[in-house]
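The listed protein sequences correspond, in order, to chains B and G.
1 is the number of the first residue of the first sequence in my numbering; add one for each residue after it.
314 is the number of the first residue of the second sequence in my numbering; add one for each residue after it.
Bear in mind the hints are in silico, worked out from the structure with no lab data behind them.
Because the structure is a prediction, the values reported are computed rather than measured.
One or more hints might be untrue.
[As the list claims (entries may be wrong)] A short, non-exhaustive set of chain G residues, derived as facing chain B with CB atoms under 10 Å:
| hint | residue |
| --- | --- |
| 1 | LEU408 |
| 2 | ASN411 |
| 3 | ASN425 |
| 4 | TYR473 |
| 5 | PRO474 |
| 6 | SER478 |
| 7 | MET486 |
| 8 | TYR839 |
For each residue, glycine too, the CB sits at the ideal point set by N, CA and C.
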Amino acid sequence: MGYLILKRIAAAVPVVLVVATIVFFLLRLSPGDPAMVLAGDMASPQDVAEIRARLGLDRPLPVQYATWLGEMARGNFGVSILSKQPVLDLIRARLEPTFVLAFCAIVLTVLLAVPLGAIAAWYHNSWIDRVVMAMSVAGFSIPAFVIGYLLILGFSMSLDLFPSQGYVSPFDDPLAAARHLVLPSLTLAVVFMALIARVTRSSVLDVLGEDFVRTARAKGNVERRVLWRHALPNAAIPIITVIGVGVALLISGVVVTESVFNIPGVGLLTIDAILARDYPIVQGLILFFALVFVGVNLLIDIIYVVVDPRIRY
Amino acid sequence: MTAPAAAPDPILEVRDLTVSLPGGLDRANAVEGLGFDVHRRQIVCLVGESGSGKSVTAAAVMQLLPRRVLRVTGGTIRLEGRDLTAAGAAQMCRLRGNRMAMVFQEPLTALNPVMRIGTQIAEVLRIHRPDMAAAEVEARVLALMEDVRLPDPAALRRVYPHQISGGQRQRVMIAMALALEPALIIADEPTTALDVTTQAQILRLFRDLLTHHDSGVLLITHDFGVVADVADHVVVMRHGRMVESGPPGQVLTRPSHPYTRMLIDAVPRFRFRAAVPAAAAPALQVSNLQLTYRSRSFTGKKRETHALDDVSFTIDPGETLGIVGESGSGKTTLARCLLRFEMPDSGQIRFGGRDLAAASRRDLRDHRRRIQMVFQDPYKSLNPRRHVGQSLVEGPVHHGVPKREAAERAAGLLEMVGLGGDAMRRFPHEFSGGQRQRICIARALAMEPEIIVADEPVSALDVSVQAQVLELFEELRRRIGFSMLFITHDLRIASNICDRVGVMHRGRLVEIGRTEDIFRNPGHAYTRELLAAVPGGALGTAGER
Numbered sequence: 001m002g003y004l005i006l007k008r009i010a011a012a013v014p015v016v017l018v019v020a021t022i023v024f025f026l027l028r029l030s031p032g033d034p035a036m037v038l039a040g041d042m043a044s045p046q047d048v049a050e051i052r053a054r055l056g057l058d059r060p061l062p063v064q065y066a067t068w069l070g071e072m073a074r075g076n077f078g079v080s081i082l083s084k085q086p087v088l089d090l091i092r093a094r095l096e097p098t099f100v101l102a103f104c105a106i107v108l109t110v111l112l113a114v115p116l117g118a119i120a121a122w123y124h125n126s127w128i129d130r131v132v133m134a135m136s137v138a139g140f141s142i143p144a145f146v147i148g149y150l151l152i153l154g155f156s157m158s159l160d161l162f163p164s165q166g167y168v169s170p171f172d173d174p175l176a177a178a179r180h181l182v183l184p185s186l187t188l189a190v191v192f193m194a195l196i197a198r199v200t201r202s203s204v205l206d207v208l209g210e211d212f213v214r215t216a217r218a219k220g221n222v223e224r225r226v227l228w229r230h231a232l233p234n235a236a237i238p239i240i241t242v243i244g245v246g247v248a249l250l251i252s253g254v255v256v257t258e259s260v261f262n263i264p265g266v267g268l269l270t271i272d273a274i275l276a277r278d279y280p281i282v283q284g285l286i287l288f289f290a291l292v293f294v295g296v297n298l299l300i301d302i303i304y305v306v307v308d309p310r311i312r313y
Numbered sequence: 314m315t316a317p318a319a320a321p322d323p324i325l326e327v328r329d330l331t332v333s334l335p336g337g338l339d340r341a342n343a344v345e346g347l348g349f350d351v352h353r354r355q356i357v358c359l360v361g362e363s364g365s366g367k368s369v370t371a372a373a374v375m376q377l378l379p380r381r382v383l384r385v386t387g388g389t390i391r392l393e394g395r396d397l398t399a400a401g402a403a404q405m406c407r408l409r410g411n412r413m414a415m416v417f418q419e420p421l422t423a424l425n426p427v428m429r430i431g432t433q434i435a436e437v438l439r440i441h442r443p444d445m446a447a448a449e450v451e452a453r454v455l456a457l458m459e460d461v462r463l464p465d466p467a468a469l470r471r472v473y474p475h476q477i478s479g480g481q482r483q484r485v486m487i488a489m490a491l492a493l494e495p496a497l498i499i500a501d502e503p504t505t506a507l508d509v510t511t512q513a514q515i516l517r518l519f520r521d522l523l524t525h526h527d528s529g530v531l532l533i534t535h536d537f538g539v540v541a542d543v544a545d546h547v548v549v550m551r552h553g554r555m556v557e558s559g560p561p562g563q564v565l566t567r568p569s570h571p572y573t574r575m576l577i578d579a580v581p582r583f584r585f586r587a588a589v590p591a592a593a594a595p596a597l598q599v600s601n602l603q604l605t606y607r608s609r610s611f612t613g614k615k616r617e618t619h620a621l622d623d624v625s626f627t628i629d630p631g632e633t634l635g636i637v638g639e640s641g642s643g644k645t646t647l648a649r650c651l652l653r654f655e656m657p658d659s660g661q662i663r664f665g666g667r668d669l670a671a672a673s674r675r676d677l678r679d680h681r682r683r684i685q686m687v688f689q690d691p692y693k694s695l696n697p698r699r700h701v702g703q704s705l706v707e708g709p710v711h712h713g714v715p716k717r718e719a720a721e722r723a724a725g726l727l728e729m730v731g732l733g734g735d736a737m738r739r740f741p742h743e744f745s746g747g748q749r750q751r752i753c754i755a756r757a758l759a760m761e762p763e764i765i766v767a768d769e770p771v772s773a774l775d776v777s778v779q780a781q782v783l784e785l786f787e788e789l790r791r792r793i794g795f796s797m798l799f800i801t802h803d804l805r806i807a808s809n810i811c812d813r814v815g816v817m818h819r820g821r822l823v824e825i826g827r828t829e830d831i832f833r834n835p836g837h838a839y840t841r842e843l844l845a846a847v848p849g850g851a852l853g854t855a856g857e858r
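Chain B with its partners taken away, still in its complex shape (with noise of 0.2 Å):
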């Protein structure tokens, strides 16, 4: 297990690497200028000039690009264009509130569309099957916006039951952070429900069809325990899949919801980086959403190893 771990991490090194890269070449090669916003609208062309090559904005790409590479392999992301803070400190401390929320959209999507997935493949081409999946398509076709806001003139504005606005730490307040948590962690996960729900449907539907679970019924397994002892378990594969890719789309997710629901989180400090041309945040958000991805699939094939013993790597 310890081999396959470091061998995962080797792999995600150039993957890492290229993802820097790519990021590096895009924001500088892309309009508009750090320095002129940094300078504000009424600055002479001297004072832009003095702020870029404060910046090292004036020195060649090939250049930039390798001082920026140095600095990264020592753990230094580089400082805020506009707050002058330390970009790792920046993204530090939204962290929480990002990680809280995804954690509850992730739970709410293993416990929520997972069982109604099966439930629909074991009542294939029955009417539950075809509400599950009908409930499937308006998650897949309403975006993430239109559903926070829909749920916060609902259950906020008209009857009042969650905050529409603001995070709470449950580390300070879990009953508080729940009530705030709970629009916000929703409308991210719906999108992910959307597809889990169908992605296990079909994996459940082909493992039905297969001879151990003729053999499961065979040994006097009632009904319920072949579909949640023997046929889950085996579809369990291609759904751990779904949802490790599915962590991409809960990064867009994030940045759309703690916007809409004004959560102090990474996404909000992605929007507003963007709006400002703060390079070295975005860069570093970049980064940390690239590690995050690739951690998320390490620990998916770690997980890979322990629900099916046929994998080895």
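Starting from the structure of chain B, add chain G where the hints point.
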């Protein structure tokens, strides 16, 4: 469980059973008016070809028919006096695994791949004896594994199905079926997916277990060899109806129905070919072929499998060389090497004045045309979305034959393999298994090869169809005159079609020579073992040797 040894009442009584098919198929019922009994300590064999309704009958008894597709619409099935057709779902769950159990054809897919085998055996006990103590369950599992002669039960119960051999998996299935000493065990083609030597062991196991346990066995098979070896009573089925039934002595030696006679006649028997004089120069010469698979295990330990170990042989022009052996012996790897789908580590394949083992990509393209392959499963080896004609014309056109000429040749070949000219414009799914294999053969011949490599070309087919396809090979060889490497696990088939035969065991060609010489006077212990395991001694199939 204290029933008398040979109770007069049958444990299973099937009367006038009818299972109906959904509308729009070629017949209304999968099974029609079927009736038979199974008594204690008795093996009743349901025999028939594919589509005869034998597996449907088994599933009907267990009530494992696919929901909404097949329904029991008439008759009664009584298990120890209880009418199962009237039993509810809960009652069936109590009976399945408890009073009746089932062993399936393909033990790899029939076992849950992510559950330890000990847990799978124990599950039967946990379902039906919920108050049995954990230690007791464990002891019973170990005893059962001992019973079905699984080696080292204490260690083996912790492994997963993919980690043991096919024969061992089937023993696990049988242990599961025996767990609660059910009155009835239904075995649906329990040895079809196994090697001959393993098949012989499993059949012996069934026989032995019957003397220890008081069960009756309903054995479903297509193989009259198996019937001859183990049956106490035979029921022959065709198109869902019973053709005839009786004790094996009567049915096998004095069949009253022409269909039964036809089936028995179609069982391959040892029949050797006349010797042919050796040719001046071989068409293909393989020398010292070596291929080792290396894999690294989870802990980084290296494992080596000698798939081919110093294999040498020749094939003369117009000759058929058989390669026999069990699964995993390297037969298919050899075939794949000849076509260079697989790169041998060392050795030579001399063909047409060139060494294929060292040939470049460009040379290979031409050589692949001259060596063509026919695969085992005709259902999977034709592109389902292309007309048969397209599949037949594609290869020659790729090698520069004008399209019109290729199409004419394809039509001619289809005629030659016994299919009409309209087959060109039809899709593979419109044909039966035997017809598809004819198409595959025509496809191989369309390339005008000098050598055909046939990997188990008839083992997916019913016996009566097998005989026809073998005849076709024979006739085509006479008319066209190609050499053939014929891979099979069935020694009887090998004796019918091969001039010479080579026996493979763990990657080595342990002996090679004229088929008749090898089979009459086997020089190697493994060859003798294979010959002894050929089923159907009582049928006289082995006796003609």
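Evaluated hints:
Because the smallest distance between the Cβ of LEU408 (chain G) and any Cβ of chain B comes to about 7 Å, under 10 Å, the interface hint for this residue holds. Hint status for ASN411 (chain G): holds, given a least beta-carbon distance of 6 Å to chain B, under 10 Å. Taking 10 Å as the C-beta cut-off, the interface hint given for ASN425 (chain G) holds, the closest approach to chain B being about 4 Å. Interface hint at TYR473 (chain G): satisfied, since its Cβ lies 4 Å from the closest Cβ of chain B, which is below the 10 Å cut-off.
Against a cut-off of 10 Å between C-beta atoms, the interface hint on PRO474 (chain G) holds, since the closest Cβ of chain B lies about 9 Å away. Taking 10 Å as the C-beta contact cut-off toward chain B, the hint placing SER478 (chain G) at the interface is violated, the least distance being around 16 Å. With its C-beta approaching chain B no nearer than about 8 Å, MET486 (chain G) sits inside the 10 Å limit, and its interface hint holds. Nearest Cβ of chain B to the Cβ of TYR839 (chain G): about 30 Å, over the 10 Å cut. The hint is violated.
Comparing the model with each earlier hint shows violations of hints 6 and 8; every other hint is respected.
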